[in-house]
Amino acid sequence: MSDTLRFAYYPGCSGQGTSIEYDQSTRAICKALGIELVDIPDWSCCGSTPAHTVDHVLSGALSARNILQAESLQDVRGIITPCPSCLTNLKTASHRMRDAAFKAKVDSLLDKPCRNDLPIMSVLQVIYQELGPEAVKAKVTNPLTGLKVAPYYGCIMNRPPEIMDFDDCENPIAMDRLMEAVGAEVMPFPLKVECCGASYGIAKNEVVTKLSGKLLDIAVDCGAKSMVTACPLCQMNLDMRQDQINRANGSKHSIPIFYYTQLIGLALGMNGSSLMLDKLFVNPSTVIREMKASQAAAAS
Amino acid sequence: MDTIQMSHSVDAEFIRQVEQESGQNVSLCYQCGNCTAGCPYTEFYDIPVSQIMRGLQAGQRDKLMSCRSIWLCATCESCTTRCPNNIDVARIMDILRHMARKAGKTPEKEVKTFCDAFLDSVRHHGRVFEMGLMTKYMTRTGRFLTDMDLSVKVLPKRKLAMTPHNIVGKKSIAKIFERYNREGGE
Ligand code: SF4
Ligand code: SF4
Numbered sequence: 001m002s003d004t005l006r007f008a009y010y011p012g013c014s015g016q017g018t019s020i021e022y023d024q025s026t027r028a029i030c031k032a033l034g035i036e037l038v039d040i041p042d043w044s045c046c047g048s049t050p051a052h053t054v055d056h057v058l059s060g061a062l063s064a065r066n067i068l069q070a071e072s073l074q075d076v077r078g079i080i081t082p083c084p085s086c087l088t089n090l091k092t093a094s095h096r097m098r099d100a101a102f103k104a105k106v107d108s109l110l111d112k113p114c115r116n117d118l119p120i121m122s123v124l125q126v127i128y129q130e131l132g133p134e135a136v137k138a139k140v141t142n143p144l145t146g147l148k149v150a151p152y153y154g155c156i157m158n159r160p161p162e163i164m165d166f167d168d169c170e171n172p173i174a175m176d177r178l179m180e181a182v183g184a185e186v187m188p189f190p191l192k193v194e195c196c197g198a199s200y201g202i203a204k205n206e207v208v209t210k211l212s213g214k215l216l217d218i219a220v221d222c223g224a225k226s227m228v229t230a231c232p233l234c235q236m237n238l239d240m241r242q243d244q245i246n247r248a249n250g251s252k253h254s255i256p257i258f259y260y261t262q263l264i265g266l267a268l269g270m271n272g273s274s275l276m277l278d279k280l281f282v283n284p285s286t287v288i289r290e291m292k293a294s295q296a297a298a299a300s
Numbered sequence: 001m002d003t004i005q006m007s008h009s010v011d012a013e014f015i016r017q018v019e020q021e022s023g024q025n026v027s028l029c030y031q032c033g034n035c036t037a038g039c040p041y042t043e044f045y046d047i048p049v050s051q052i053m054r055g056l057q058a059g060q061r062d063k064l065m066s067c068r069s070i071w072l073c074a075t076c077e078s079c080t081t082r083c084p085n086n087i088d089v090a091r092i093m094d095i096l097r098h099m100a101r102k103a104g105k106t107p108e109k110e111v112k113t114f115c116d117a118f119l120d121s122v123r124h125h126g127r128v129f130e131m132g133l134m135t136k137y138m139t140r141t142g143r144f145l146t147d148m149d150l151s152v153k154v155l156p157k158r159k160l161a162m163t164p165h166n167i168v169g170k171k172s173i174a175k176i177f178e179r180y181n182r183e184g185g186e
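If you're matching them up, the sequences are chains A and B in order.
First residue of the first sequence? That's 1 in full-length UniProt numbering, and the numbers climb one at a time after it.
First residue of the second sequence? That's 1 in full-length UniProt numbering, and the numbers climb one at a time after it.
Rather than coming from a laboratory, the hints here were simulated on the basis of the structure.
Be a bit skeptical, because a hint or two may be false.
Said to hold, decoys possible - On the chain A side, residues computed to face chain B include the following (Cβ under 8 Å):
| hint | residue |
| --- | --- |
| 1 | Thr-49 |
| 2 | Pro-50 |
| 3 | Thr-53 |
| 4 | Asp-55 |
| 5 | Leu-109 |
| 6 | Ala-198 |
Beta carbons are placed, not taken as given, at the ideal position from N, Cα and C, and that holds for glycine.
Throw the hints in and build the complete structure from the sequences for me.
In structure tokens form, the structure reads like this:
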């Protein structure tokens, strides 16, 4: 294994569409922080939730094909992905393949068997554990002073703990610490790992408007002016569906939902357009203006 | 909500099958209710998750195979994380859904249609084609108005590709599905 932070990168399908700003900002900050991302050659979809609700072997094989593709890369320390849903599928498949009978079934669906020996982590885990908040802080040129943010991890980034093996399963802190490191004001948010309604936005919209609505209500009650996420689905439910949520619940929320990578990028001095802040549905310009005012006040 | 009739015949084969496929011992559940207490979907369920565990112990195949809860479970892993007996409850929910699918029971048709449309997209392109997925979902469910309010917001953001991302190895994905179907999948 090499000493450099070189990883096989699995972008995930949404990174090419609805969460393109997450992929873009992830690549930008990894580069700035010295993490080398090598795209997994010809990666394919992990099957997401639909695959595991149909069959665990099928789901395992769709993930294992990507593990196999990553194994063709030289000198990588492991596989990393920004998306918790992809992460869960990859890690669960890898975990279950430690069982020889399950692995045999998965291998029988693949062109050739995979070694299954690469560690799999989220980009968040690598930034938090391999670099640490202090190293990130050392590179901050534009501290996010005055940005009141509620960190929301979503349900599967840290659970179940036996498989995800990162941070705390009830009260994760990695994003909290990173946000503090970049100068933001982190609000105590008790619903960090509650479900946002997952992929039911389409088939069962009322599930999302209720569950995500509750997240927004509580975040605002906690004093947050924005939320920060690490999951494309959570972000989409809270941001793109915020109007639907308001309509369903009679609320009037208008709080921007950032990816943590966008906020780290801002703190590292990158501009809003390279971080694709314009792709967010709820316009963040007001909170960013307020933040600049706090920065100016702090400087004077 | 109905109570579980313990006098009904216990389908021991059903219990064995779920235990084998999930790798879990269902008799370990002592009905503490922790899983239900943390389940964000309880308000949408017809049977709360701890009662599904109870029904399982009682071998209530028909009742569980036709319930809506197993289709609505989002695999949020709250139950699995909090079960004091280390039962992977979310995995059991998945297994029950697999079995219901094979038995042709789909009380939540839209949820199933969405999953099927998603996997079709993967099978054909190797990656999910979000626009194509939505079109297929709308055609199959007849719900053309689904998220119409969103399309006026989404399209100007130019986030969605209008054509699928076909991967080079899409044949190897199609083969995964073919082999799976040959081995008795769907
Ligand atoms: S948390 Fe575990 S033991 Fe308690 S009711 Fe649920 S499955 Fe049974
Ligand atoms: S995994 Fe399913 S059953 Fe378990 S708590 Fe989450 S939604 Fe409820």
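Verification of the supplied hints:
no., hint, in the structure
1, Thr-49, "holds (6 Å)"
2, Pro-50, "holds (4 Å)"
3, Thr-53, "holds (5 Å)"
4, Asp-55, "holds (6 Å)"
5, Leu-109, "holds (5 Å)"
6, Ala-198, "holds (4 Å)"
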